[in-house]
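Undergrad: These protein sequence lines map, in sequence, to chains A and B. The opening residue of the first sequence carries number 0 in numbering that gives the first Met the number 0; numbering runs sequentially from there. The opening residue of the second sequence carries number 0 in numbering that gives the first Met the number 0; numbering runs sequentially from there.
Derived from the structure by calculation, the hints contain no laboratory data. A hint or two may mislead.
In this list, chains with the same sequence are indistinguishable; a pair is considered to hold if it fits within one copy or across any two.
To be verified - Mimicking EDC-like on lysine to aspartate or glutamate, the simulated pairs with C-alpha atoms at most 20 Å apart in a straight line are:
1) 51 / 135
2) 112 / 157
3) 112 / 96
4) 51 / 36
5) 51 / 115
6) 41 / 164
7) 51 / 137
These are the residues of each chain, in order.
Protein chains: 2
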Amino acid sequence: MGQRKRGDGREQLLETALRLFGRDGVEATSLQDIADEMGVTKAGVYYHFKTKDEIVLGVVEPVFARLDAILTRAEAHRARSARIEEFVIGLVDLVLDSRIRFSALMGDPYVAKLIEQHPNLITWWHRIRMLVAGPDPDPATMVPLLIFLTGLGGPLNDPQLAALDNAVLREHLLESGRRLLQLRKRAGAATPP
Amino acid sequence: MGQRKRGDGREQLLETALRLFGRDGVEATSLQDIADEMGVTKAGVYYHFKTKDEIVLGVVEPVFARLDAILTRAEAHRARSARIEEFVIGLVDLVLDSRIRFSALMGDPYVAKLIEQHPNLITWWHRIRMLVAGPDPDPATMVPLLIFLTGLGGPLNDPQLAALDNAVLREHLLESGRRLLQLRKRAGAATPP
């Protein structure tokens, strides 16, 4: 790979970690394994991250940052339907874009537990709930919202559907979100035959 | 509890196992624990079940039997919409009726793995797919179906929604299923204000 600048170290470490997580699983990968794979000492890893949990969170940080940006963009709309539409599109695109790169982490119980304990999770959830259901959320909105958020994983875990072209899968995921959250299609959106 | 007939042994064992699974987790519960709790020898347990896996499957067997009956009932309808409606109602009622009794097993990774390997799982999945999407399933039907099947767990894992009255939760779960699978409400069904 030739010479790297010092600032690349953190990124290179995260790339290496993600590769090892995919190969051996998160549970089985140690800081020492990551150091060995990079050809550095464990101190070289410690310089950037103190624990494996910090590394896992570093790996998925770009997903969190993008979720944050999606929520901020959606919150800027005044109309409820526009807010929800922006959120649904952003979330579906985020999931589709992440599924290849982070497939090793999806469904991993170690990662799931870590994300469940993420301090920002409650904030994101509050923002999503406020965005979709408003300050006084009622079950008629919350039930379909939770079915959508939880259910998105279903088609992506099905081998046949996961093999679909991204654009096709995207359109059906969006359509499901619109049906559940009762959004009308935007003008110009493709309609099924 | 007084005297029991000999034929009660199997049922009593399954009840005891379910209680211990709920108290200590499935992983941590051994055949010996179940024998001890019942005040019988391990041979007394072996008489009914050879492995813990058999016991776990015995515990959830009534759920499988009911799913089978739901599918058979749904398959008897000629119209596609009636088949799907019957399936959605049957599934929602099954999930709602099972959630208290089997809460200890839901989300348990040991149980999830065991059910994933259940030999009937492929048959059920084929029947559900045929019922909802027909002999030539297309993504436009399969994506919302999988979102519904996977997503049902979402509201039930949410503490606020799970605490709702069964009848209220039922109506919203049914409504989500109808929206996703594009069923019209049956005449006489409650309409939202």
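Undergrad: Broken hints, numbered, in rising order?
TA: 1, 3, 6 and 7
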